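Start from the sequences and build out the full structure, keeping to the hints where you can.
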Amino acid sequence: MSDQILTLHVGPSQLLSKLCDEIELEKTINDLVKWDSVRCHLSPGTRIKALVLNILCSGKPLYKVHEFYQTLDSEMLFDTSISPDQLNDDALGRALDYLHEAEAWKVYSTLALKALKRLNLPIGVLHNDTTSISVYGEYKQPKEDGLQITYGYSKAHRPDLKQIVLGMGVTPERIPILAKVENGNISDKSWNVAFIQKMRKILSNEDWKNLIYQADSALITTENLAEIQQQKLSFISRLPDTFGLSTELKKEAWSLNNWEMVGSLSDKKDAAIYQIQAFERQIKDLPYRFLVVHSNILDQRKEKTLNRAIEKEETKLKKEIEKLSKVPFHCKEDALEAIQAFKKKQKTSYFCYELNVQMSDQPVKRKKRGRPKKGEQTKREQVYQIQLESFKKDRDFIEKKKKKLSTFVLITNKLDEETLSNQEVLKIYKGQSAAETRFRLIKDSQMIDAIYLKTPERVEALGIVYVMALLIYGILEYRVRKELKERNLSLILKGKRKLHQPTGQALLEQLEDITVILINQNQQKIRLLPDNIDSQAKKIIELCGYDLSIYVSKNVENQGK
Numbered sequence: 001m002s003d004q005i006l007t008l009h010v011g012p013s014q015l016l017s018k019l020c021d022e023i024e025l026e027k028t029i030n031d032l033v034k035w036d037s038v039r040c041h042l043s044p045g046t047r048i049k050a051l052v053l054n055i056l057c058s059g060k061p062l063y064k065v066h067e068f069y070q071t072l073d074s075e076m077l078f079d080t081s082i083s084p085d086q087l088n089d090d091a092l093g094r095a096l097d098y099l100h101e102a103e104a105w106k107v108y109s110t111l112a113l114k115a116l117k118r119l120n121l122p123i124g125v126l127h128n129d130t131t132s133i134s135v136y137g138e139y140k141q142p143k144e145d146g147l148q149i150t151y152g153y154s155k156a157h158r159p160d161l162k163q164i165v166l167g168m169g170v171t172p173e174r175i176p177i178l179a180k181v182e183n184g185n186i187s188d189k190s191w192n193v194a195f196i197q198k199m200r201k202i203l204s205n206e207d208w209k210n211l212i213y214q215a216d217s218a219l220i221t222t223e224n225l226a227e228i229q230q231q232k233l234s235f236i237s238r239l240p241d242t243f244g245l246s247t248e249l250k251k252e253a254w255s256l257n258n259w260e261m262v263g264s265l266s267d268k269k270d271a272a273i274y275q276i277q278a279f280e281r282q283i284k285d286l287p288y289r290f291l292v293v294h295s296n297i298l299d300q301r302k303e304k305t306l307n308r309a310i311e312k313e314e315t316k317l318k319k320e321i322e323k324l325s326k327v328p329f330h331c332k333e334d335a336l337e338a339i340q341a342f343k344k345k346q347k348t349s350y351f352c353y354e355l356n357v358q359m360s361d362q363p364v365k366r367k368k369r370g371r372p373k374k375g376e377q378t379k380r381e382q383v384y385q386i387q388l389e390s391f392k393k394d395r396d397f398i399e400k401k402k403k404k405l406s407t408f409v410l411i412t413n414k415l416d417e418e419t420l421s422n423q424e425v426l427k428i429y430k431g432q433s434a435a436e437t438r439f440r441l442i443k444d445s446q447m448i449d450a451i452y453l454k455t456p457e458r459v460e461a462l463g464i465v466y467v468m469a470l471l472i473y474g475i476l477e478y479r480v481r482k483e484l485k486e487r488n489l490s491l492i493l494k495g496k497r498k499l500h501q502p503t504g505q506a507l508l509e510q511l512e513d514i515t516v517i518l519i520n521q522n523q524q525k526i527r528l529l530p531d532n533i534d535s536q537a538k539k540i541i542e543l544c545g546y547d548l549s550i551y552v553s554k555n556v557e558n559q560g561k
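Using the numbering used here, read the sequence shown as starting at 1 and increasing by one per residue.
It should be emphasised that the hints constitute simulated quantities derived from the structure, not laboratory data.
On a predicted model such as this, the values are computed, not experimentally measured, just so you know.
Where hints are given, some of them may not hold.
[Unchecked claim] Computed cross-link-like contacts, DSSO-like style, restricted to lysine-lysine with a CA-CA straight-line distance of at most 27 Å: (1) Lys201 with Lys114; (2) Lys347 with Lys400; (3) Lys485 with Lys114; (4) Lys404 with Lys302; (5) Lys343 with Lys402; (6) Lys312 with Lys332; (7) Lys343 with Lys404; (8) Lys198 with Lys143.
Now the structure itself:
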């Protein structure tokens, strides 16, 4: 029989599979979920790993998964030999059922803590946030206390669609440690309390003691502060403007004008420059440290709001002035009084203008009461009119307004500046983007638009599978960035981009052209790599602790152990 030769476009699949194996993804899932190892042809761990790889490698995740694996070297990816047809919708759906029954968020946290240990990363700071994910279609009613797929505040700006809410706690290295899928109408205020309670269950006393919980201003309510005090949790957040103390502290800071210069927190060009003032105050008899922070760059959303307010005032003011200018006055004194009355009525914040009184160029007919007599001529008389003399923006007021808008207040219960300086508090708070960048990767309606997602339970489980994919993505990104920094290297990726801190997406794109030549010879499979594999792709694999042999040999271990 002649040899059969196939060219498989394997891309980053084998490297990602190795990263899954390092943290024992399949084994951890199989150990924690209930399943029948005799009746199941594929373990739940294998099926979940198949979904994770599909999410990371496919341009259309979860769309005909079995077809996706027909172009890959499946024997190299899993602990057992499988055929793509085994990864059908029913099999994957049942795996999600197993995961849900085992409490998917607990399974994930066990996996994530293993990953942290593998990466030798402590749990010091967790950046916590939520996002809403819109869904299409109808779903079966959940079981009692099950996930409610319903309408709520849409961060995706789709109030017409039902949604779920995904909350995550992410390390500064962008590794998600805890994730939970919640009801679509849950508020961030109540979400924080539930999330903190779940975190306490999975972290050791030592980790809890060293933890700093960072979240946005939705965390700060009097009820939540009481819960934080009871849980003995350290936190950093922003004090909402709904607290009168926020306005009070801002006024005091600008009055004292005793700023501590922090400078920029980023190496990026045109990065914001910060200055801070620290205060200590109490809320409900509990002491907190407050930082009034001023940035030289106004938040884009606030700037847009301010610009809209300026435009609205300008349009309205000019329209009213135009109406006033058409009114005739029979004496100059009446016109001057009208100007004063106009200025009292038309309050202006952003503009300075001057009105004057001038005699009209054309006399106007003076109307008499009653019907004019036959042949009587209408008299004309000179009148006065109000005219706009000058109209300009109040630059000083607008600049002061911008300063106030670019000032915010941070709150923390870490009172000792020696253990956590003011600058460190600000730096931790600004690290919130670690969570936000991870959310951008999964805000895609395709996530839960697959054919086998008929129940809220499967939707909830799949949300956690996506976070598992983010975990592997984060490990890839962290490991490459760490090695580049330690070796003082850079990568030249597609588009001739020289990067010292490449994103996981850029790394995956660089690996996507890798192919393997598979030769079926005498019932044996021989795998060969072409000679033209990209040098930067080789470098990425090496920075992760492997080499190209992972594409041709199944038993390759990480050399960086």
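Hints versus structure:
| no. | hint | in the structure |
| --- | --- | --- |
| 1 | Lys201 with Lys114 | holds (16 Å) |
| 2 | Lys347 with Lys400 | holds (18 Å) |
| 3 | Lys485 with Lys114 | holds (24 Å) |
| 4 | Lys404 with Lys302 | holds (11 Å) |
| 5 | Lys343 with Lys402 | holds (25 Å) |
| 6 | Lys312 with Lys332 | violated (31 Å) |
| 7 | Lys343 with Lys404 | holds (26 Å) |
| 8 | Lys198 with Lys143 | holds (21 Å) |
Hint 6 alone, counting from the list given before, is not met by this structure.
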